[in-house]
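Trainee: Sequence:
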Amino acid sequence: SRLDTIPINYLARASEVISEAGFSIDTFLSESRLEPTDLQNLEAEITKDDYYSVLESIIKAIDIDGFGLRVGHKFSVGDYGVLGYAFLSSPTLMSAIKTFFRYQTIVGNGAMFEEAINLEGSRVVITVKSHFPEGALNRYEVEASFGQWVSGSVVVHATMQRCKGAGGGHEA
Numbered sequence: 097s098r099l100d101t102i103p104i105n106y107l108a109r110a111s112e113v114i115s116e117a118g119f120s121i122d123t124f125l126s127e128s129r130l131e132p133t134d135l136q137n138l139e140a141e142i143t144k145d146d147y148y149s150v151l152e153s154i155i156k157a158i159d160i161d162g163f164g165l166r167v168g169h170k171f172s173v174g175d176y177g178v179l180g181y182a183f184l185s186s187p188t189l190m191s192a193i194k195t196f197f198r199y200q201t202i203v204g205n206g207a208m209f210e211e212a213i214n215l216e217g218s219r220v221v222i223t224v225k226s227h228f229p230e231g232a233l234n235r236y237e238v239e240a241s242f243g244q245w246v247s248g249s250v251v252v253h254a255t256m257q258r259c260k261g262a263g264g265g266h267e268a
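To convert, take the position in the sequence shown, counting from 1, and add 96; that gives my numbering.
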């Protein structure tokens, strides 16, 4: 089920960040059933247990400031498959966000954290709740979620601005 698996691109993006810091994910994969070549199949999924085993090993061994934020920022809208394209084709940023929240289990996020969106007057409040108790994995999940939102929102906003400039009906 989607609650027991996570898209492998989540680990592939973490691999990119640790590589930039001068480390290799190969060391950390040896503790799981994964091979480095598995990270190249971005359509694949991995078990939640394998994902968190590798991630916990990375976090314990390497201290990268804002690790989760850096990983989240690596995501592109294409990493979310059909949901990413629905996000991009939404008429407004709010519509895009609501679409993502409604269907986020499609991309496996339900196994990692819960997100909610609330309108409070003119403010939009996004809440992220990790399934972990306080600690490094909890912080990582919340950071990664916000990093993905920042990255995705920038792309959607830029797309909407281009559509407006081309006479499209998208609004920010």
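Worth flagging that the hints you see were computed from the coordinates, not collected in a lab. Just so we're clear, the structure is a prediction, and the values are computed from it rather than from any experiment. Take these hints with a grain of salt, some might be off.
Unchecked claim - With a straight-line Cα cutoff of 20 Å, these simulated DMTMM-like cross-link-like pairs (lysine to aspartate or glutamate) come out:
id: 1; residue 1: Lys144; residue 2: Glu216
id: 2; residue 1: Lys194; residue 2: Asp175
id: 3; residue 1: Lys156; residue 2: Glu211
id: 4; residue 1: Lys156; residue 2: Glu141
id: 5; residue 1: Lys156; residue 2: Asp175
id: 6; residue 1: Lys225; residue 2: Asp100
id: 7; residue 1: Lys156; residue 2: Asp122
id: 8; residue 1: Lys144; residue 2: Glu127
id: 9; residue 1: Lys144; residue 2: Asp100
id: 10; residue 1: Lys144; residue 2: Glu116
id: 11; residue 1: Lys156; residue 2: Asp100
id: 12; residue 1: Lys144; residue 2: Asp122
id: 13; residue 1: Lys156; residue 2: Asp146
id: 14; residue 1: Lys194; residue 2: Glu216
id: 15; residue 1: Lys144; residue 2: Asp161
id: 16; residue 1: Lys156; residue 2: Asp145
id: 17; residue 1: Lys194; residue 2: Glu210
id: 18; residue 1: Lys156; residue 2: Glu127
id: 19; residue 1: Lys156; residue 2: Glu116
Trainee: If a hint holds in the structure, say so; if it does not, say that too.
Mentor: Against the structure, the hints come out as follows:
| no. | hint | result |
| --- | --- | --- |
| 1 | Lys144 with Glu216 | 34 Å, violated |
| 2 | Lys194 with Asp175 | 18 Å, holds |
| 3 | Lys156 with Glu211 | 26 Å, violated |
| 4 | Lys156 with Glu141 | 24 Å, violated |
| 5 | Lys156 with Asp175 | 26 Å, violated |
| 6 | Lys225 with Asp100 | 17 Å, holds |
| 7 | Lys156 with Asp122 | 15 Å, holds |
| 8 | Lys144 with Glu127 | 14 Å, holds |
| 9 | Lys144 with Asp100 | 5 Å, holds |
| 10 | Lys144 with Glu116 | 25 Å, violated |
| 11 | Lys156 with Asp100 | 23 Å, violated |
| 12 | Lys144 with Asp122 | 18 Å, holds |
| 13 | Lys156 with Asp146 | 16 Å, holds |
| 14 | Lys194 with Glu216 | 15 Å, holds |
| 15 | Lys144 with Asp161 | 24 Å, violated |
| 16 | Lys156 with Asp145 | 16 Å, holds |
| 17 | Lys194 with Glu210 | 14 Å, holds |
| 18 | Lys156 with Glu127 | 14 Å, holds |
| 19 | Lys156 with Glu116 | 17 Å, holds |
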